[in-house]
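Engineer: Make the full structure from the sequences, and use the hints.
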Amino acid sequence: MIAAPLLVLAAYTAGAIPASFWTGRFLYGKDLRKLGSRNLGATNVQRVLGWGAAIPVGLFDVFKGFAPAFWFPVVDDRTAGWWAVVYGGAAITGHCFSFWVRFRGGKGVATSGGVLIAIAPMTAGVGAGVWLLTLLVARRVSVASIAAALSVPVTGFFVDSTFPIMTFLVLMAAFVVWAHRSNIRRIRAGEEPRIGDPLEGGGGTESEGGSPDRPGGEGGGR
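In my numbering, the protein residues as written are -1 to 220.
Worth double-checking, as some hints may not be accurate.
Claimed, not checked - Quick list of simulated restraints, FRET-style, between CB atoms: (1) G27 with W69: 33 to 39 Å; (2) L57 with W176: 24 to 30 Å; (3) R192 with G127: 16 to 22 Å; (4) L131 with W176: 19 to 25 Å; (5) D75 with R100: 32 to 38 Å; (6) D75 with D195: 48 to 54 Å; (7) I0 with G48: 36 to 42 Å; (8) L4 with F61: 16 to 22 Å; (9) V73 with W49: 32 to 38 Å; (10) D29 with R192: 21 to 27 Å; (11) I182 with F24: 31 to 37 Å.
The hints are simulated quantities; they were obtained by calculation from the structure and are not laboratory data.
Beta carbons: idealized from backbone N, C-alpha and C, even for Gly.
Structural biologist: What follows is the structure, encoded as structure tokens:
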């Protein structure tokens, strides 16, 4: 049995791997903290670097949430639901507040999705469906992410209603909505960009302007 605090630290460290930042910096020579929405999530990767970079980054962000929540309770021989939630929550925290990039990161949607796949797969499937349907209708990743997050506790109440899982679902939904507070302000003002809209400043030049909300920054990032 491995000490639980060590696994919590390992889960945070895994979640903190800034795949979006490293992809931009080392493969494209671009600092995503200064480009596009300045958010270190897969959505900003897509906007600045394209789908070829965004898809593997998004899948990796999902995996680094899934792996600790699914495997660490087995490694630690702690199969109670609380431990999967704790390890998954640590990975999400690492993604949103990564020590590699001065405790910045993404908004936790993809990594939270990975945790959901591990601990509540049926709820994760419904959430993914809501996300995709909303994205097709609204064409805004932020709106899709908020809608999916809000659907998760409702779905979980009917299909995954254990206390540890429901606690995680409610907290995750609240966190995702909070992380998108700047997007909500722009939605209300009619200023939130849709998929395919050009970024302000063209998206390809570095911009220091503004102080993005944390975690991650502005924009509908994941």
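Engineer: Using the Cβ atoms, figure out if L57 sits within 24 to 30 Å of W176.
Structural biologist: holds, 25 Å
Engineer: Starting from the range 19 to 25 Å, see whether the pair L131 and W176 falls in it by beta-carbon distance.
Structural biologist: holds, 23 Å
Engineer: At the C-beta level, are I182 and F24 separated by a distance inside 31 to 37 Å?
Structural biologist: At 33 Å between Cβs, range holds.
Engineer: Holds or violated: the 36 to 42 Å window for the beta-carbon distance between I0 and G48?
Structural biologist: Since the Cβ atoms of I0 and G48 sit about 40 Å apart, the hinted range of 36 to 42 Å holds.
Engineer: Is it true that R192 and G127 lie within 16 to 22 Å of each other by Cβ?
Structural biologist: holds, 20 Å
Engineer: Could you tell me whether the CB distance from L4 to F61 stays inside 16 to 22 Å?
Structural biologist: Holds: the Cβ-Cβ distance is about 21 Å, inside 16 to 22 Å.
Engineer: Quick check on a hinted range of 48 to 54 Å for D75 and D195, using CB atoms only.
Structural biologist: holds, 50 Å
Engineer: Looking only at beta-carbon atoms, does the pair D75, R100 fall within the given range of 32 to 38 Å?
Structural biologist: The hint (32 to 38 Å, Cβ to Cβ) holds, given that D75 and R100 are roughly 36 Å apart.
Engineer: A range of 32 to 38 Å was offered for this pair. Does it hold for the Cβ distance of V73 and W49?
Structural biologist: Distance hint for V73, W49 holds at roughly 35 Å.
Engineer: Tell me if the beta carbons of D29 and R192 are separated by a distance inside 21 to 27 Å.
Structural biologist: holds, 25 Å
Engineer: Falls inside 33 to 39 Å, the C-beta gap from G27 to W69?
Structural biologist: holds, 35 Å
In summary, this structure violates none of the numbered hints.
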